[in-house]
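Colleague: Using the supplied hints, reconstruct the complex from the two chains, each of which is provided in its own coordinate frame.
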Amino acid sequence: VIEDHADTRHMVEEYLTFEGIPTIGAENGLEGLAALREDRPSVILLDLSMPVMDGWRFRHEQQRLPDRDLAGIPVVVLSALHDCERQAQVLGAVDVIPKPIDFDRMLAVVRRYYVAASD
Amino acid sequence: MRVPHVATILDRVTDGFLAVDCEWHIVNLHWGAQAAGQASLDREARELRGAVLWDAVPQLRDTSFQDQSRRAMAEQRPVRFQDVVGDTARWIEVHVYPSPEGVTIYFQDITERKRAEDALRLLAEISTIFGTPLDYRERLAQLAHLVVPTLADWCIVDVMEDRRVNRLHVVHADSAKAGLAAAIRHLTQDVDEPGSPVAEVLRTGTPMLLPEVSPRVLRAIASPERVRLAEELGTRSTMIVPLIARQRTLGTLTFLAAESRRRYTPDDLRLAEELSSHAALAVDNARLYEEAQTARTEAERQRTELERVMKSRALLMRGISHDVKNPLGAADGYAHLLEQGVLGTLSSKQQEGVRRIRRSLQAALRLIYDLLEVARTEPGQIDVHIKPIDVRQVVHDVVEEYLASAKTAGLFLRAETPEDLPAVRSDPDRVRQVLGNLVSNSVKYTPAGGHVIVRAVADTERQPPGPGQWARIEVADTGPGIPTDMQKRIFDEFTRIGSSDVPGTGIGLAISRRIAWALGANITLESKVGHGSTFTLWLPLNGH
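These protein sequence lines are chains A and B, in that order. If you read the first sequence in our numbering, its first letter stands for residue 1, the second for the next number, and so on. If you read the second sequence in our numbering, its first letter stands for residue 1001, the second for the next number, and so on.
Do not take every clue at face value.
What the hints assert, rightly or not - Covered stretches of chain B, as calculated for chain A (at least 3 residues, CB under 8 Å):
hint	segment
1	1330 to 1336
2	1363 to 1377
Unchecked claim - Derived, one-sided and incomplete: chain A residues facing chain B with beta-carbon distance under 8 Å:
hint	residue
3	His5
4	Asp7
5	Thr8
6	Met11
7	Glu14
8	Tyr15
9	Phe18
10	Ala80
11	His82
12	Cys84
13	Lys99
14	Pro100
15	Ile101
Just so you know, the hints here were simulated from the structure itself, not pulled from any lab data. Because the structure is a prediction, the values reported are computed rather than measured. Positions of the beta carbon are idealized from the N, C-alpha and C atoms, including for glycine.
With the rest of the complex left out, here is chain B (with noise of 0.2 Å):
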């Protein structure tokens, strides 16, 4: 009896019939399609006819094909089943169908139909697993527990994580070998490391399929120490594939067969290869969903901290409001007295003495005055109310407001603004308080002799600071200029130009700005050494 070539056959054919009589004597056997005219096949089944099946194949005693057939017999009824035979794991369809003189069985391999139907679910339940929010790491142990044990008697998961291989799970079938999965779970990897196939593919982001794990195969690629493990789990057969998205490897998928006998095949790596897609997907959304999360938590950090900052510098200045207001007011109040006689006459030299403390006093008034208009005018704090405005109007207000004050300083002050200018909204309140503080500016800093000009001006020769539609008002002067590498700083708080002679704090051009923000506008600069200034407020037409 030649009976180990029995179960090769089974590995060989894919679909055939076998009749026994009622003591389980071998009566026919035919080998389906695939094995027709394959002689040696065909002197096989010839030899096989009136041996005992189970005699024939022992590889059938005790399972639940000898179960099912004898029950098929003994209740003489048909039975349908399905089961996995041979060296590589094949699945085949049996149907038993009793008749008083024995049984028939056909048989048919349905391995393909089985491993396409596995696929299908896989990839099913692999949508749900990376459609539902979880961290990424709970979702790889789920797509390896969902491949063990239909594609793979053991998964292990790497994944790189701060630039090191950190092996996230190794699930596998058979609950006895916790032992040797601990081991592997503790084998260090290193994506330099030689002999270790999972940094190799880690490196190069090329999948790698070894249909048959020999020892000699598996010596020519793995370190001893993997050789021995993989030798010790029955390793057979092994796909490893990397999860690749936006072109960087994330990590690995390895999937091996052992136990089941199984041998990966191009299509199984394609299936692999779909999982690990989807899979990198996930961890990749993932990383980026904690990048921005953790991006999120410091900005809000930073946000609650400049709160903090800005409220104890809001009560900082309501505290000099009062406790530093009230005293210089009185100060300067009681030299006020002195100056006007009402505690005596003075002489010229006493009154002379008392103007310079009044003006020290006053610059000192100025500057906390400038600070709690700055703390007022943080983003958030300014009031505005939108409504239409006569751009005109404001010009010529701002303009008659400032002609004393240019007159005594020999300046030559006026406005210019053209019949046709387009309708405005905006706060004409602040409008005019950015105004005056530009024309305020430039009067202090012109000559004597020289000219300020305030212009609205309708013709759009200008770009603007924006997209939309915008008005714009300037104020030029025949002033010293600022240097270019000082416009950029004019806007910043406390910048001032030149000699501290002309009063001030460096702080008007820093609210106006903010002011103008709020407003929805902008202040621009225009500027040359020597040709004068050019100050720009620009006005979106319809408000912000």
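Isolated chain A (complex conformation) (with noise of 0.2 Å):
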């Protein structure tokens, strides 16, 4: 989950957890490109604005890396902006999810592609 805003990040945190979903929490593209490396993600929830790198500059490093599978892991926008799902076709994110978050949309977006790479 990478998010700058702590509160909204451990909201999500929790309730995937609680959904029994594991997470890892970025607070901004550079730690996200850092725990890509470390934690090898099944799918990353990726906010667009925020300090330090944004989520545009995030994406851009991430589908660069060396390493196709970490290059490959799907990523679903969240984000405030009001034309967020032409910014989310644009970054070629697999879907997107609006703020504020609805819940049970959130948590089927993440079973998708969640179980898929469980398999």
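Modeller: Next up, the structure:
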């Protein structure tokens, strides 16, 4: 979960963990890249507007990683931008969850990729 | 010798001939046809025979007339020239034919011809002056310089500016009189001033012609100061013509004849009026242009200011989207986690508390969404994609979307769509958005048991909001209706009716109307308290 707003990040992690999906939190894109290499997650929830390294830059860096598995991890955009759907399309994200977050929707989306990765 | 008479004779005869011998003795003198039969002139002519021309008419000494005639005699070849003679400045054309016995001089009064030529030239030149895009003050200066000295020795231009008489230009032929010009220039003018001929013409809008300016005439019409100035500059004749455009007197042109000894005639006045009408039109046009320019500059300033406000408003909105939506969203999310028992089981009282927290948070979030929507629907910000739309489909989609909430509210919601709807080009998503807004309002405000009907209408019974062909979709409800005084304001931002129990921010209709306008469409309202409301979305058949 790459999200600079701490309360939002904790909330997402708390909920997903409760639903049986382990999470790793990162405060910005740079931390996110480190977490990718270390923990090899099955799906990334990515906020867009963030300090240090924003979501667009993170996506750019991720896609250029020499480790093609890491570069191919599906990204779900998590954003309050009114045109977040278009941004998600531009970034080649597999899905988008507008803020404020609809928990049922988020769970359904994450489950789709989380399950797939566990196979 | 009755010499003084000859000069006055020259004023009265229009043509004639004169023969002199080699010593300039007058051999023969004949006045022309005009003078024929005037006994005194004939006698005069006879008496002058034998006199030396320069003694008989001393005014001719040291003039170009004398020079040219002497040259003709000396060089023994004919000479032709024009000259101004007499007390009233008549133009004569002179032909001098030499012979061994002396010279024969024919002269013809060409004053009329000369004036007519001058008039034509002035009118031609005035058109070029006023045909160029210049400040009107500059053009009036050109006009004044044009008429001096052809038509006047002095030309004074007065223009009304801000209800005051502004003496713009004093142009004169004799540069030695600059001091006098300055005195005339600074002579205060006031429309109500007594003893100011200019003020009188400004007031009455009637031209003034004074062929002979005698001290008596002057004293009758002008203040002592003006009499003194007029005498000092040797005014002999004057015309003052108003500058009139669109029935308004904008100023005056004053023509003064002094050293040229010219005497103004009604023909001269007509020419002056012709010139002034050109000038008045130019002044009027220039002023209209200046006014329009000022208005444009002001409008431009206001537009820039508005854009700045809009821009900062848009920035503020983006700020809100990030800095307010995030924490509110997180708060609501955590409340949601609590409500779901993710953080442990809650008692029913705690459940109720969390529910209230969420309701308030969601109201705040809705307000923020609406504010953002307003920012996004500022004029020029709305994206529309015009294409053919299926009105029936759009109506059914919207009704389907709101069926559940209508049912919850205990309402009957239905669509009515006839088969024969005209083809419409518009933006289907935007039409859906607007209709959704209208239906949501009706559902919100109509009491349980009521009806909400969304109907596409094919007939042309109602008066459309503009020229051309229109289709309309009505959203009619059996709600409480909207009082007449509220109907105009209902489309304004943040206008709400009735109790604050109904959730909402009063922004939906404002946004809907903006979107409608962006589509070239419109929304109208018909309502009566106690008889429900009908909102109508009018769509132009061919987009906008």
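Colleague: Each hint should be assessed against the structure and marked as holding or not.
Modeller: Hints and how they fare:
1. Coverage of the segment 1330 to 1336 of chain B by chain A holds [criterion: at least 3 residues with CB-CB distance below 8 Å; count 6].
2. Counting residues of the segment 1363 to 1377 of chain B whose beta-carbon sits less than 8 Å from any beta-carbon of chain A gives 3, enough to reach three: the coverage restraint holds.
3. With a cut of 8 Å, the hint placing His5 (chain A) at the interface with chain B holds, because the nearest CB-to-CB distance is about 5 Å.
4. Taking 8 Å as the C-beta contact cut-off toward chain B, the hint placing Asp7 (chain A) at the interface holds, the least distance being around 4 Å.
5. Taken as an interface hint, Thr8 (chain A) checks out: its beta carbon lies about 4 Å from the nearest beta carbon of chain B, inside 8 Å.
6. A least Cβ separation of about 4 Å between Met11 (chain A) and chain B falls short of the 8 Å threshold, and the interface hint therefore holds.
7. Restraint check, Glu14 (chain A) versus chain B: the minimum CB separation of about 6 Å is within 8 Å; hint holds.
8. Hint status for Tyr15 (chain A): holds, given a least beta-carbon distance of 6 Å to chain B, under 8 Å.
9. Hint on Phe18 (chain A) holds. Least Cβ distance to chain B is approximately 4 Å, under the 8 Å limit.
10. For Ala80 (chain A), the interface hint holds, since its Cβ comes within 8 Å of a Cβ in chain B; the closest pair sits about 5 Å apart.
11. A cut of 8 Å between beta carbons decides the hint on His82 (chain A): the least distance to chain B is about 6 Å, and the hint holds.
12. Given hint, Cys84 (chain A) at the interface with chain B, is violated; its Cβ is 10 Å from that chain's nearest Cβ, farther than 8 Å.
13. For Lys99 (chain A), the suggested interface contact is upheld, since its CB lies about 5 Å from the closest CB of chain B, less than 8 Å.
14. The beta carbon of Pro100 (chain A) is positioned within 8 Å of a beta carbon in chain B (closest approach about 3 Å), and the interface hint is therefore held.
15. Using the Cβ-Cβ criterion of 8 Å, the hint placing Ile101 (chain A) at the interface with chain B is satisfied: the shortest such distance is roughly 6 Å.
This entry does not satisfy hint 12, going by the numbered hints stated previously; all others are met.
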